[in-house]
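Chains as they are written, first to last, in my numbering: chain L, 83 to 364; chain R, 83 to 364; chain C, 5 to 315; chain G, 5 to 315.
FYI, nobody ran anything at the bench for these hints, they're computed from the structure.
Keep in mind that a hint or two might mislead.
[Unchecked claim] Simulated pairs of lysine-lysine, DSBU-like, Cα-Cα distance not exceeding 30 Å: (1) C:Lys12 with C:Lys311; (2) R:Lys181 with G:Lys102; (3) G:Lys102 with R:Lys328; (4) R:Lys87 with G:Lys102.
[Said to hold, decoys possible] FRET-style restraints, in silico, Cβ to Cβ: (5) C:Trp222 with G:Asp118: 54 to 62 Å; (6) G:Asp118 with C:Lys12: 54 to 62 Å; (7) R:Val99 with C:Glu299: 51 to 59 Å; (8) L:Asn223 with C:Trp222: 46 to 54 Å.
A virtual CB, placed ideally from N, CA and C, is assigned to each residue, including glycine.
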Amino acid sequence: MPLTKLHKATILVHTPVGKEYYRIVLRAPEAAAAALPGQFVMLRVSETMDPLLARPFGVSSIISKSSLELYYRIAGRGTALLSSLEPGQRLSMHGPFGKGFPVPPKGSAPVLVAGGSGFPPLLFFSHRFGARAHLFLGARNKECLPPPAVIKKFKDDLEKVHIATEDGSRGTRGVVTDLLAAYLSGLDGKVPAAIYACGPRPMLAAVSGLAAERSVPCYVSMEERMACGLGACMGCSVGVKTGGYKRVCKEGPVFEAGEIEWGCRESNESKGSEEFLTLKTP
Amino acid sequence: MPLTKLHKATILVHTPVGKEYYRIVLRAPEAAAAALPGQFVMLRVSETMDPLLARPFGVSSIISKSSLELYYRIAGRGTALLSSLEPGQRLSMHGPFGKGFPVPPKGSAPVLVAGGSGFPPLLFFSHRFGARAHLFLGARNKECLPPPAVIKKFKDDLEKVHIATEDGSRGTRGVVTDLLAAYLSGLDGKVPAAIYACGPRPMLAAVSGLAAERSVPCYVSMEERMACGLGACMGCSVGVKTGGYKRVCKEGPVFEAGEIEWGCRESNESKGSEEFLTLKTP
Amino acid sequence: MISKIKTKPDLSVDFAGIKLKNPVLTASGTFGYGEEYADFVDLNTLGGVIVKGISLRPITGNPPPRIWETPSGMLNAIGLENPGVDVFLTEKLPYLRKFDTAVIVNIFGYSFEDYVAVAERLDGVPGVSGLEVNISCPNVKAGGIVFGTDLKAAFELLSAIRKATKLPVIAKLSPNVTDITEFAKAARDAGCDGLSLINTLLGMSIDVRCRKPRLANWTGGLSGPAIRPVAVRMVWQTAKAVPLPIIGMGGIVTAEDALEFILAGASAVAVGTANFINPRATVDVLEGLETFMTEQGVGAIGDLVGKVSAG
Amino acid sequence: MISKIKTKPDLSVDFAGIKLKNPVLTASGTFGYGEEYADFVDLNTLGGVIVKGISLRPITGNPPPRIWETPSGMLNAIGLENPGVDVFLTEKLPYLRKFDTAVIVNIFGYSFEDYVAVAERLDGVPGVSGLEVNISCPNVKAGGIVFGTDLKAAFELLSAIRKATKLPVIAKLSPNVTDITEFAKAARDAGCDGLSLINTLLGMSIDVRCRKPRLANWTGGLSGPAIRPVAVRMVWQTAKAVPLPIIGMGGIVTAEDALEFILAGASAVAVGTANFINPRATVDVLEGLETFMTEQGVGAIGDLVGKVSAG
Ligand SMILES: Cc1cc2nc3c(=O)[nH]c(=O)nc-3n(C[C@H](O)[C@H](O)[C@H](O)COP(=O)(O)OP(=O)(O)OC[C@H]3O[C@@H](n4cnc5c(N)ncnc54)[C@H](O)[C@@H]3O)c2cc1C
Ligand SMILES: Cc1cc2nc3c(=O)[nH]c(=O)nc-3n(C[C@H](O)[C@H](O)[C@H](O)COP(=O)(O)OP(=O)(O)OC[C@H]3O[C@@H](n4cnc5c(N)ncnc54)[C@H](O)[C@@H]3O)c2cc1C
Ligand SMILES: Cc1cc2nc3c(=O)[nH]c(=O)nc-3n(C[C@H](O)[C@H](O)[C@H](O)COP(=O)(O)O)c2cc1C
Ligand SMILES: Cc1cc2nc3c(=O)[nH]c(=O)nc-3n(C[C@H](O)[C@H](O)[C@H](O)COP(=O)(O)O)c2cc1C
Ligand code: FES
Ligand code: FES
Numbered sequence: 083m084p085l086t087k088l089h090k091a092t093i094l095v096h097t098p099v100g101k102e103y104y105r106i107v108l109r110a111p112e113a114a115a116a117a118l119p120g121q122f123v124m125l126r127v128s129e130t131m132d133p134l135l136a137r138p139f140g141v142s143s144i145i146s147k148s149s150l151e152l153y154y155r156i157a158g159r160g161t162a163l164l165s166s167l168e169p170g171q172r173l174s175m176h177g178p179f180g181k182g183f184p185v186p187p188k189g190s191a192p193v194l195v196a197g198g199s200g201f202p203p204l205l206f207f208s209h210r211f212g213a214r215a216h217l218f219l220g221a222r223n224k225e226c227l228p229p230p231a232v233i234k235k236f237k238d239d240l241e242k243v244h245i246a247t248e249d250g251s252r253g254t255r256g257v258v259t260d261l262l263a264a265y266l267s268g269l270d271g272k273v274p275a276a277i278y279a280c281g282p283r284p285m286l287a288a289v290s291g292l293a294a295e296r297s298v299p300c301y302v303s304m305e306e307r308m309a310c311g312l313g314a315c316m317g318c319s320v321g322v323k324t325g326g327y328k329r330v331c332k333e334g335p336v337f338e339a340g341e342i343e344w345g346c347r348e349s350n351e352s353k354g355s356e357e358f359l360t361l362k363t364p
Numbered sequence: 083m084p085l086t087k088l089h090k091a092t093i094l095v096h097t098p099v100g101k102e103y104y105r106i107v108l109r110a111p112e113a114a115a116a117a118l119p120g121q122f123v124m125l126r127v128s129e130t131m132d133p134l135l136a137r138p139f140g141v142s143s144i145i146s147k148s149s150l151e152l153y154y155r156i157a158g159r160g161t162a163l164l165s166s167l168e169p170g171q172r173l174s175m176h177g178p179f180g181k182g183f184p185v186p187p188k189g190s191a192p193v194l195v196a197g198g199s200g201f202p203p204l205l206f207f208s209h210r211f212g213a214r215a216h217l218f219l220g221a222r223n224k225e226c227l228p229p230p231a232v233i234k235k236f237k238d239d240l241e242k243v244h245i246a247t248e249d250g251s252r253g254t255r256g257v258v259t260d261l262l263a264a265y266l267s268g269l270d271g272k273v274p275a276a277i278y279a280c281g282p283r284p285m286l287a288a289v290s291g292l293a294a295e296r297s298v299p300c301y302v303s304m305e306e307r308m309a310c311g312l313g314a315c316m317g318c319s320v321g322v323k324t325g326g327y328k329r330v331c332k333e334g335p336v337f338e339a340g341e342i343e344w345g346c347r348e349s350n351e352s353k354g355s356e357e358f359l360t361l362k363t364p
Numbered sequence: 005m006i007s008k009i010k011t012k013p014d015l016s017v018d019f020a021g022i023k024l025k026n027p028v029l030t031a032s033g034t035f036g037y038g039e040e041y042a043d044f045v046d047l048n049t050l051g052g053v054i055v056k057g058i059s060l061r062p063i064t065g066n067p068p069p070r071i072w073e074t075p076s077g078m079l080n081a082i083g084l085e086n087p088g089v090d091v092f093l094t095e096k097l098p099y100l101r102k103f104d105t106a107v108i109v110n111i112f113g114y115s116f117e118d119y120v121a122v123a124e125r126l127d128g129v130p131g132v133s134g135l136e137v138n139i140s141c142p143n144v145k146a147g148g149i150v151f152g153t154d155l156k157a158a159f160e161l162l163s164a165i166r167k168a169t170k171l172p173v174i175a176k177l178s179p180n181v182t183d184i185t186e187f188a189k190a191a192r193d194a195g196c197d198g199l200s201l202i203n204t205l206l207g208m209s210i211d212v213r214c215r216k217p218r219l220a221n222w223t224g225g226l227s228g229p230a231i232r233p234v235a236v237r238m239v240w241q242t243a244k245a246v247p248l249p250i251i252g253m254g255g256i257v258t259a260e261d262a263l264e265f266i267l268a269g270a271s272a273v274a275v276g277t278a279n280f281i282n283p284r285a286t287v288d289v290l291e292g293l294e295t296f297m298t299e300q301g302v303g304a305i306g307d308l309v310g311k312v313s314a315g
Numbered sequence: 005m006i007s008k009i010k011t012k013p014d015l016s017v018d019f020a021g022i023k024l025k026n027p028v029l030t031a032s033g034t035f036g037y038g039e040e041y042a043d044f045v046d047l048n049t050l051g052g053v054i055v056k057g058i059s060l061r062p063i064t065g066n067p068p069p070r071i072w073e074t075p076s077g078m079l080n081a082i083g084l085e086n087p088g089v090d091v092f093l094t095e096k097l098p099y100l101r102k103f104d105t106a107v108i109v110n111i112f113g114y115s116f117e118d119y120v121a122v123a124e125r126l127d128g129v130p131g132v133s134g135l136e137v138n139i140s141c142p143n144v145k146a147g148g149i150v151f152g153t154d155l156k157a158a159f160e161l162l163s164a165i166r167k168a169t170k171l172p173v174i175a176k177l178s179p180n181v182t183d184i185t186e187f188a189k190a191a192r193d194a195g196c197d198g199l200s201l202i203n204t205l206l207g208m209s210i211d212v213r214c215r216k217p218r219l220a221n222w223t224g225g226l227s228g229p230a231i232r233p234v235a236v237r238m239v240w241q242t243a244k245a246v247p248l249p250i251i252g253m254g255g256i257v258t259a260e261d262a263l264e265f266i267l268a269g270a271s272a273v274a275v276g277t278a279n280f281i282n283p284r285a286t287v288d289v290l291e292g293l294e295t296f297m298t299e300q301g302v303g304a305i306g307d308l309v310g311k312v313s314a315g
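Okay, chain L solo, but in the shape it has when bound (with noise of 0.2 Å):
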């Protein structure tokens, strides 16, 4: 049979962009091929059994009939490990998984809404539906926006990038779903065709909010741990209104926002560990 979502990836380009975050180009032609935005890869970041399992990553760009591109943030030791490897190295990869974002209608104007470390699939979005449409990027301060090639990337792409910052240290002060309350509230009536957001928990639960409130349809991606990424484990779940649970990996990751149970699941849990937790060598 023809395999065409298991991979043997080689690295092509690896570079640290921006404060912790990487960009990676990967060269895995069926996956380049088949990837739509939304989806996402799973990544064995090593071939040992510790750590064992594979880590899922939204595709950011499709870069040639034969590569794509990761972006990627250091959040615990299999990041901190593949930030480590250099290009011409293979990495077992599966995917692409998941369903993607639904394409906008044609012409519309789309609002996006990225989170933290939540823009890659939204990149990829963008590039391909977002000639019309405006962007919300928040963070704590400057430092966690997305890096500066990143933003360069979405301002060619988008007709309009609006930036917040809870410390004000770039763009409006404050958190980036008041600047999205106020860009809706100012349309006058006029809604916009749908939001498209992928971020952390809490700030999707805020903007399913407010597009339920004007009754915009609505997109989140979400994320849970994951193991087998393909549907299988049952691992992923997220609670969802109707009662019982969605995985992740294959219901979504995007969801309508209505379907997801807010309430359910908290989302403080720490992640790998800092410096002096870890095993240490001279």
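Starting from the known structure of chain L, fit chains R, C and G with the ligands onto it as the hints suggest.
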């Protein structure tokens, strides 16, 4: 306290030399200053928990005030992983550990015997004390002999190098211990000051027998699986004639041949995995 | 040293009356209902598929987070989420029946009656080759009786299931016990046809900065390569103690790992967590077994079962 | 979020009457008798050293091979090789006494009488702070009774040891049981002052090409990060069930790992297999604990014990 046995060793040189052999030069000033012929270091081939344990390797040379050299053969997954590392990377290393070879009497003509991949400690020994020594090198065939560059080094440092291969593809056909026996017999009652041997256990047992028959002092460098390398875990025991066990890492790796209870440890065990048994990826 | 043979080795296994074309199965809960792996594995190549645990009624499972990675292993507390036996029969089984592979249905219940009812429901269903009775899930607290760690309860439950079906009954044992061979004997006494071991070890992990358990369920089942030495030991102990055929599992990633179980006494093996890190792990294990047998001149896989010796 | 405190956090622990300057100990059998680590660790910095298991008479231990590496873990079947209590007292203890650290002597026997005799021998010996009674070594088959997996035998043995010494008695429990809290209760009922858990999980590995066990002893004890989730779970269960203080161990490599045990309910921790891969693991754990407490504004280590909560 000054930590002279704990190193973060930087790979300076790392090159394949001959079939499945690698030469690695590590920057580790304190270890380079302290190591004696016959001693070994414990090297962690990865900072993750798999593989977990450090691997023991005999020091084959002190390259400079600040660096030492090891030769290793790919024997399993740990050494395979090691072989993929690049100059510039840093490895946790402990040591040097163990009791080295006793220093031969000044001006004496010691006999060295190296079987299979047992040459590294004897290379170090040769350079220090080998001016009048004869070395007997044995292997199954010429591919399993030490790499040519190593044989050259031996020839530079020693009085004579004798080679035997079981298939006759290089040097005398037969096992190295026959060659050694013939040499010893040819000395006409003159006996060498001492025999120093390193290699597979059956070879060491045979050398030990030859030495005992002729009452030549004989020192063998033993191998056993190790966890700590420093005498704490009691994992690396070899049976001794007086009953009970001694630790290869602490009382050894070099033992007087007469001490060892040769019969009590079968040496046939298979090492790391062949290609078809390991984790595959497309 | 060992002469190579020319003929293709015979990998077929008659496991408790279930004809397997080879000993490689999928561990319950790690391969969905087969369809999830269709992009990676031709199911026709597998000895069989053991499906995700099925109960009488649908189960929504535990709240997230449900998984956490640990050194060479993972914790899961899925809570046996499944669509229930009716949906399984109408929506999942028809897909599996399209393939030439044995379908073993893993079943569980929250009560004695539930277990028996689901076993009855599956009896005589075309396309079902056998039942694997999960008496060992560490994540199910309801019901009061912990069948997997109470000998008498295990015996009674398995006896009742034995009576409820003509299908081969395989008891899936818990490793969280002092002496697994006692449970194996209880299964034999209850009339079971085979054994599966091991299920996951009960474990826990804590987010130290937030001072919270990593799993919403607090504890979960530890699986993956980390547990393999425990699993191999239990298979070895059980194979010596009880004559029932065994499906060995726990951390199998490669053919070498599978061979450890077979040499320890397992007649078949199941690949679990490895499917997550290599979706083709089952096929790679199978191919590795074949190569190993050819290289070592082993004519039939059965010749390796239980063949570990001091040498 | 959490305000930093200026004062140095208080790491001292009163463990069952043993004054520890901090909660970081060494796990028995992984740190020799302290001297082996003198090149790497200033013993004065440690809370205490739990020495390699000591018996009445010298023990030569098992034939090699004695160890084997497994995914994120290792198997060992050392067979409790040790020079016996007399040599310990004359040759090992004097070295340890030079340091300002608690010395806890791990003891074991091949019979009831042996255990009691070695406990008596150590009673009142200056420089010995407490006894850790190993009723759980998976590698000792002699003696007939497996104290670690038989509740009554455990209770009787621990009661006798309790009577034989005025030293604090810490029972070291086996994880190879269905319900570890029952053994913890037996230890409490026997008058023990504290608990140590866990010892190694019984495991096995096979050399598939040679069809031989990897260890001459066939089975061995699994230790290292692989077992940590099981260990944390057992400490958590035991801490809830029994009021005795606990030394938590099993796969601790970093301060984060140690904190998992402390939050689960351990008052002190022991670093074992990690000493092999990082001879300064104990010190690194200690320094990490201090930094963590400072960063999180925790004044005393005791404030963290058992503080895991659903949040
Ligand atoms: C659909 C999807 C798309 C994603 N896209 C991106 C992306 O484009 N760029 C990016 O930087 N990050 C992305 N993430 C998050 C990324 O997967 C995690 O940051 C990463 O797995 C952390 O691994 P670690 O080993 O560094 O952290 P650790 O804390 O060491 O991870 C421990 C375990 O938790 C899991 N885990 C930790 N955080 C997350 C998380 N947020 N989501 C899922 N699993 C997690 C890890 O996979 C691992 O199993 C995405 C996550 C999902 C689910
Ligand atoms: C004192 C001493 C000095 C050594 N010097 C050298 C040297 O200079 N060059 C060289 O190539 N090799 C040397 N070896 C052997 C080397 O340590 C092993 O080849 C290596 O550990 C194999 O590791 P692996 O992960 O590739 O194999 P695996 O088979 O994956 O190893 C599995 C486990 O077995 C252990 N192990 C396997 N073989 C041996 C062995 N022969 N000795 C000890 N432990 C073993 C490993 O450390 C590991 O714990 C020496 C061994 C000892 C004891
Ligand atoms: C995510 C997950 C879900 C599982 N679900 C089930 C189940 O429904 N029924 C069952 O008997 N075992 C279940 N198991 C246990 C596995 O079938 C297997 O016994 C165990 O994981 C050990 O094998 P492994 O280490 O190869 O994964 C599950 C395991 C995992 C990891
Ligand atoms: C090589 C080795 C030797 C051990 N010897 C003893 C011993 O003599 N007595 C004992 O009670 N525990 C012994 N143990 C068990 C450890 O003290 C500890 O309980 C176990 O290894 C789990 O901790 P870890 O995973 O941090 O190593 C030994 C462990 C190892 C690895
Ligand atoms: S990650 Fe396995 S079902 Fe989603
Ligand atoms: S390797 Fe630990 S005592 Fe020798």
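Compare the structure with the hints numbered earlier in the document and write down the numbers of the violated ones, lowest to highest.
Hints 5, 7 and 8 are the ones this structure does not satisfy, whereas the remaining hints hold.
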